[in-house]
Amino acid sequence: MNEKNKLHLLRFKRSENSVSRLVSTTVLFFFISVLTYAQETTISGTVTHAGTGEPLIGVNVILKGTSKGVSTDLDGNYTITLLPADAVLSFTFLGFESKEVMVNAHTSIDVALTPVTSELDELVIVGYGKKKKRNLTGSIASVGSEEIEKTNQQDAVSILQGRAAGVQVTSNSGAPGGAMTIRVRGNSSLNSGNDPLYVVDGVPIESNSLSSLNGTENFGLNPLADINPGDIESIEVLKDAASTAIYGSRAANGVVMITTKRGKEGKAQINLNIFTGVSEITRKLSVLNASQYRAVILDSYRNMENPTEPTFAVIDSLSPRNNGDVDWQEELLRIAPQYKIDLSVRGGSENVKYSWSSSFLNQDGIIINNNYKRVTSRLNVDFNASDKLKFGQSISYTNAINNRINAGGSGNLSVVRELLIRPPSYAMYLPDGSLNGYQFGKRNPVGLAELATHLNKTNRIIGNEYAEYEFTDALKLRSNVNLDFVSMKEDEFIPSVLDYRPGYNTGAVRSLTNLTWGNETYLTYNKEFNEVHNFSGLLGFSFQNWKYEQTGLDGMFFPSDNIRTLNGAGTISGQEVNIITEHSMLSYFGRLSYDYKGKYLAEVNLRADGSSRFGADNRFGYFPSASLGWRFSDEAFLKDNTVITDGKFRFSAGQTGNEAIGNYTSQGEFAVGVNYLDYSGAAPTVMPNAGLTWETTTQYDAGLDLSFWKNRVMLTADYYVKLTEDLLYNVPIPRTTGFSFITQNIGSIENKGIEFTLTTRNLVGDFKWDTNFNISSNRNKVTDLPDELLTNGFIQNGNYHILREGLPIGTFYGYQFNGVYSRDEDNVNGVTNGSQGAVFKGGDPIWEDVNGDNIIDTDDRQIIGDATPDFYGGITNNISYKNLSLSVFFQFSYGNDIYSEINHQRNSVVRYNNLSTLALDRWREQGDVTNFPRPIQDDPLQSDSRIQSRWVEDGSYIKLKNVNLNYSFPQALIGRFGFSKLDAYVTATNLITWTKYTGFDPDVNSYSGLRAGVDEGAYPQSRTVILGLNFGF
Amino acid sequence: MKNIEKFILAVVFLGTVSCSQDILDKEPKSSFSAQGFYKTTSDAQAGVYGIYASLQSNYRINFAYWGEGRADAVATNHSGDPSLLAQNTLNQTMSSAQWNSLYQTISRANYAIKYVPEVSQGELGLRLVGEARALRALSYFYAVRVWGDVPLIIEPFESAEQDLFVERTDKELVLDQIVEDLKFAAENCNTNFGGERDRVLITQGGANALLTQVYMWRKDYQNAALTADLVLDNSLYSLVSMADWSNIFTTGFSNESIFEVGYNDVQTNALRVLYALGSDSDYFPSEQFRNSFEDGDLRQTKIYDTTAAQPRKIWKYFGEGFNDESPDPSSNNIVLVRLADIILLKAEALNELGQTDEALDLLNRIRTRAGLPDLDEADAIAAYGDVQSAILHERSIELSYEGHRWFDLLRTDKAIEVMQPINGLSDAANLVWPIHEDALNRNPNLDQNSFYQ
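One line per chain: the protein sequences are R and A, in this order.
The letter at position 700 of the first sequence is residue 700 when you use UniProt numbering, and the numbering goes up by one with no holes.
The letter at position 71 of the second sequence is residue 71 when you use UniProt numbering, and the numbering goes up by one with no holes.
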């Protein structure tokens, strides 16, 4: 970034509402551009229906090779202004075949377009092939490149949030490159294997976070951030068994197919897209200032059973350590700049087509010293060696350097937690000018952000080389070799200034490689008989191997905080890591599709997967599926109606699997390196279970695709039932066995849901308005758990959740908080804390006494919330007028609860935490009516720390997630400068959030999957505004 | 062209067929599968060292919680286990109520006892099984002393089909197994290894010393005296001089040591946090303990900080004058059995068997080293009421903070008498620990100890 830009950004930082100012300036700029544009030479004409001769309304007339274009009016007429004499006009209209006409010397060009059945003829990516959308019998959600470009988001997963029905995306972290959780049609597994399979250009890629130095966070980085969204042509999410069963044992959680852009025949198209922008936190939270804080702490000592004055100097405002009044959010959060450059060249001849692209992203996080840099480069080539033989490749390289901030999770190393709960009175600096790095169990978050090292460097190559041989037009053989290679180096260092022990610093280094490679070879057959019977078939096998190698060291007592490599460690702390694990899979698969005139459709799939993870007797699993489709709109009784353009029922049933367990779990494990002094030892660490086998998900799907008035209104609806059995679960066993758990196949889970996607073209013509709306609802329920696993009828699932038959996986379980006793005598029944504990008094919480025994104990816990939303989705409105287009995207989630552990932390005096301003209403004396209990040091009643409804909040929200305003400069203006296209755009992300949630942001998920909906103080979400220019040459 | 097509099809077909399922056999590379271990003699040795490794976590802090936490020599300001134990308010969620680590040792030992004989016959195999059985016995010995009846498991768990939910076994039966295991060890272990290994691995002497402790626990004085003799006659062991007394604990590997759990810079324990973390360790010497020294006891200044009016530091493991605020983990070995312990146990046994003079001789060996005058029976009765009490008092000083005091009180039926004035302990059913909630949740066949139900 040059100096000027920096200054520019500094100025932003000073302005109070930089984002809104940026928006208004940009809008103004666009309008001026539109108005000052003057017209030149003109061509006009009429576009009609080739069959009926009726005028066509809203046909796109575009000057080829540019984005310049107009639409036909209500009479099918158009007028377009042109410059070059050799121009070519292209006429495109949804549902009709496109046409291109040379302008030459004409001033009037009339065109007749032939109808096709439209967008339904668009090809959709399916497993091992493509299929016309109209012929689909499965359930697939799709997001195209145009939509992706408008988001200007930097990873493929967040793009799916709110844009694909049945796909729920939550953020684990708002940090650049931070992890996301994605669930396709709900949680179907208990043992972490709930992520979909990701397939990029036919390569099943590693989608688990590989980073191992994640500080206190419960998750790693987002491996999908290694893919540049600018390269993506489309993302398809395969949801039902008919679509996914071809991926067998890895497909129970859906399949995300990412297809990258490829070259097309024609002149090289050079594209340069540059943007720059800024981010800021979506909101700050209220905290007490130093004097308010001191008052609460004093109260908390006076409220003790034997009231004392604080022994520690936390409230001594004269102590140099305690005389601060610091707003830690102010110190830690910033307006963070980012910029990105995308350059691509695409084109080709009849025999060679190429697509090359490269991008550079530099993104600062909204917490100081957090930065993410990513370079990507991709080359996709296809060439014909002969009429029958084709070769090609897709290969991408990514280099990412993530200077991370430890945020989220518990413990005093989390910057986000510390910035909220560190007392304002703790001075930033000591009188000698040095940083006040550690005080009473709290590490200085500014020091953590600026002085600690938390660095991740990733290099990744994803490649796919294929050859395709055409025996006949109908029969083809395709074989590919694919690989996904990740090399990662991680460094961590916590300097001694952040510790209470002099000279106590710790460092760690990890270096790993993860190689996934495989071969897929398959025959495809496509043939039409008698123009009515269409057959297609697929038969193939695949082999896939995963190998993970990691080396690492932990060290401590470095003589200096400045030498952070492990050769400087005074002690290597015995955490040497050097492991190799491997896993492989051998599969056979086939598919048979038939349709009669496109009216009656049928398809069957079968995949057999063998996995090295299971014992020899259970190695192979068979995953079949079948589906039927009926295009009732082709039936005679609907043939002549003008309302329904297309209508299809779909039904599918099938099975998929899940093998997401440890590579060697079924074999048991004897770990080495279990040393006694210098004597090398080994010990059993995993109990074997040779009988382990796949989790199996059986899914039924019924769907309806409807399109009205020549595709002006299109509706897709799906209802599904998913039953997952033989869940792979780490069943706790008595520790007297020497083991803590054994992995077994137990229990079952059901997911049921409905999904709607509605696309309407509200206005056509010059002024266009499209709306895309999708909404999904999933009901998750644990249907069976073995009795021997249950304690009090349920399984405790982490701190906050339980698993119980009949309840969803994200159920929160704890005490119901019913306010605060105003006076001692308000506890009329003399309710006590435990059978022998104290009687609750004025200022203590009123806990619901579920069993009415006047004793509050673990039997009084109840269901206090559910992290699963009732429904979620998104709505996009695309509006365009001539060269100006606006896209407005709202995303929502309704009915989900959040267990706000961070709100617990910031409303409790435990460990001298600072509190939220809610504490100003705390109970102080008999008769006070409030909902904030009296703060007590070393509270024997554990009023704050027990799991309780007080920390459960409604996490529903609606977000103005994305606004994109784009202006395409007229050809007449930019042609002079040699551009074929110039777009200027502004994109705003996370602009406004409407929610009742009182934490940073309701889009939060500190744990993945099974323990959803907990906010432990995750890296906050940011509001981002970017300005960009997109040049075409 | 047709030939090319045939060729391609042939290659694909061969590729498919030759992709045999062998590629799905993936043995772990950085560890062994459960079936892949115990194939060689070196596996057998490594498996047994793996048992020793688990001792480090067993005793890193619990040797003090179990052996001192409920007794009269320690005082504490710390919440959690230290205060729950000191105030006799034990509960089923406290960390010292967990037996996980002991059973991990037992599980590893069970694997070794089953599989070592398959790969290592002869002397080495017997020796390794002896060590494994001694370590299993040591774990069960702690378990019965802490919880009473406990599940007795002597086979490894290798399949989900086994009965995982084992009930508790009468503690006398467990003790029978302990004795049987230790007798086997006393016969088959090494007499010595030479060098430091004699102290941190189980030898015949170690097995006999543990047997002595077990017999004393069972009040089997005859056998205790016999096994104690075997230890006393063992040339590996001799009392160190008073000048070297601190070194038993600070540097370890002393001639007086019979079995100590080895630790080092990376395999660490919590001794500092327990006893010597400057002003704020878990434990400091109780007033009663400080007042129980006889005048002129040379050990007093080596045991705790006598310079402070309110001593906060226990110096025994770190040396006189130790003053350090660092909560670093410590690398000292933890001595579980040493010669002075066995001498005093033998004294006790002989006294019970009516051989009072011989008992007093043994007692006076320890007293003499500490710079104290010899006691005869009359002195002992005058000072302590009876000879047994004199010996017990001597143990309370000599073996202070080494994790013996609570078990001495239990074994001599003095726990209630001594602790009632201090923390109100009054119910014999309260002498055991509760079984941890987690263990109860995991195993429906376990019943909580009656006092804690």
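Please keep in mind that the hints were generated in silico from the structure rather than gathered at the bench.
Certain hints may be false.
As the list claims (entries may be wrong) - Here chain A is said to cover these stretches of chain R; the calculated rule only asks that three of the stretch's residues, wherever they fall, bring their Cβ under 8 angstroms from a Cβ of chain A:
#	stretch
1	224 to 238
2	425 to 437
3	666 to 677
4	680 to 688
In this text the structure is predicted, and so the values were computed from the model without any measurement.
Beta carbons: idealized from backbone N, C-alpha and C, even for Gly.
For each hint given before, does the structure comply? Return the numbers of the non-compliant ones in rising order. Hints 1 and 2 not satisfied by this model.
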